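Given these sequences and hints, build the entire structure.
There are 2 protein chains.
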Amino acid sequence: MTTLYGYFRSSAAYRVRIALNLKGLAFEQAPVNLVKGEQREETNRARNPQGLVPTLETDDGARLTQSLAICEYLDEQHPEPPLLPSDTEGRARVRALAQLVACEIHPLNNLRVLKHLVGELGVDDDAKLGWYRHWITEGFDALEAMLIPGAGSGDFCHGDEPSLADICLVPQVYNAERFECDLSAYPTIQRITANCRALPAFQQAAPEAQPDAG
Amino acid sequence: MTTLYGYFRSSAAYRVRIALNLKGLAFEQAPVNLVKGEQREETNRARNPQGLVPTLETDDGARLTQSLAICEYLDEQHPEPPLLPSDTEGRARVRALAQLVACEIHPLNNLRVLKHLVGELGVDDDAKLGWYRHWITEGFDALEAMLIPGAGSGDFCHGDEPSLADICLVPQVYNAERFECDLSAYPTIQRITANCRALPAFQQAAPEAQPDAG
Chain A
1 MTTLYGYFRS SAAYRVRIAL NLKGLAFEQA PVNLVKGEQR EETNRARNPQ GLVPTLETDD
61 GARLTQSLAI CEYLDEQHPE PPLLPSDTEG RARVRALAQL VACEIHPLNN LRVLKHLVGE
121 LGVDDDAKLG WYRHWITEGF DALEAMLIPG AGSGDFCHGD EPSLADICLV PQVYNAERFE
181 CDLSAYPTIQ RITANCRALP AFQQAAPEAQ PDAG
Chain B
1 MTTLYGYFRS SAAYRVRIAL NLKGLAFEQA PVNLVKGEQR EETNRARNPQ GLVPTLETDD
61 GARLTQSLAI CEYLDEQHPE PPLLPSDTEG RARVRALAQL VACEIHPLNN LRVLKHLVGE
121 LGVDDDAKLG WYRHWITEGF DALEAMLIPG AGSGDFCHGD EPSLADICLV PQVYNAERFE
181 CDLSAYPTIQ RITANCRALP AFQQAAPEAQ PDAG
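Sequence order for the protein chains is A and B.
Under my numbering, read the first sequence as residues 1 to 214, first letter to last.
Under my numbering, read the second sequence as residues 1 to 214, first letter to last.
Just so you know, the hints here were simulated from the structure itself, not pulled from any lab data.
For clarity, every value in this text was computed on a predicted model and none was experimentally measured.
Don't take each hint at face value.
[As the list claims (entries may be wrong)] No farther apart than 30 Å at their CA atoms in a straight line, the calculated lysine-lysine pairs in the DSS-like style are these:
#1 B:K115 with A:K115
#2 B:K128 with A:K115
#3 A:K36 with A:K128
#4 B:K115 with B:K128
#5 A:K115 with A:K36
#6 A:K128 with B:K36
#7 A:K128 with A:K115
#8 A:K36 with B:K128
#9 B:K115 with B:K36
#10 B:K115 with A:K128
#11 B:K128 with B:K36
#12 A:K128 with B:K128
Right, here's the structure in full:
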């Protein structure tokens, strides 16, 4: 059985849950509680040397890390429905949109970084929230501009089917909402997110639907 | 002609230069001076809505962003020599190693973030350096552990040929050296980096070899 080591609120685990659901793959969940620090314990480091989540343990015992690498693996192993378009330029666009979130927004705003800002740099709660919202604004300003119909967006980030870009977008919007970011300047992001949230694959992957949701 | 909009010291542009060189592709360079803030000007935002580098303008006028997406595009358009192994699990491993650098180290340590720490959060030079080295240590500790021969590493991060993982590793090591990080705990990272630096594709992509090196 495929097992996902994750955490209900981890954006990266959330991405993998969406991908698994879009592919219609059954999987077990093994929660790693990030708030309690279980990700840094030896049992988790043995499967994920970074001491992070998610880790996907496949049927044949391989342990895969890094959410986008896992999603591409799933797409290669189970090609239907595709998470990337068939044309090379389209694939580059979808990967770029996904990486805008995964390389430019999320790494700056995840739990370990926010904890480090407070614990090591002595940043107060207001400044922490300012930091969070700054990187959301920087990233979403660009994303909104890149999601114009002329560039290939439709009902979803690329065309009219969900892709790797939407898999990254929705968990990031969820997080931005948790931090009460004002998203009124991003009508396209909101429209596409609503379209994603209408799909069972996204609904069943949502943090509040997970067994470890507290 | 393929044109790379980049900056000699940008890690992300450095990755794309290595990929272009490994593929043996000719390209023009159009420098965007990050220290002068040219990346945020309208001319750059028109080609890269994030206001970042690199942007690769292809022969047919397409403008591609995000370095890993660009490298995968080049690999799909010009399959030889491959930047990813042929087996699905190997591809997942190489992508995960690349993303460890591109999603977990570099986003926290690039120029715009360091500037924000100093300018907005009032962090002093010592604390900025501490921040930089902290994320290098976190990332390289994990990377060193993941580069064991049993997991598939050889002369390079995966096997005996350079891949997308090495393309990400070498610019990150270059940056760590600039910030005088102690790399003595990472013999495998150092050995693989030395092997990469023996190759013309990496040498010709090095920051000091670029036309805009100041």
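Against the structure, the hints come out as follows:
no.	hint	verdict
1	B:K115 with A:K115	20 Å, holds
2	B:K128 with A:K115	16 Å, holds
3	A:K36 with A:K128	20 Å, holds
4	B:K115 with B:K128	9 Å, holds
5	A:K115 with A:K36	13 Å, holds
6	A:K128 with B:K36	28 Å, holds
7	A:K128 with A:K115	9 Å, holds
8	A:K36 with B:K128	28 Å, holds
9	B:K115 with B:K36	13 Å, holds
10	B:K115 with A:K128	16 Å, holds
11	B:K128 with B:K36	20 Å, holds
12	A:K128 with B:K128	16 Å, holds
In this structure, none of the earlier numbered hints is contradicted; all agree with it.
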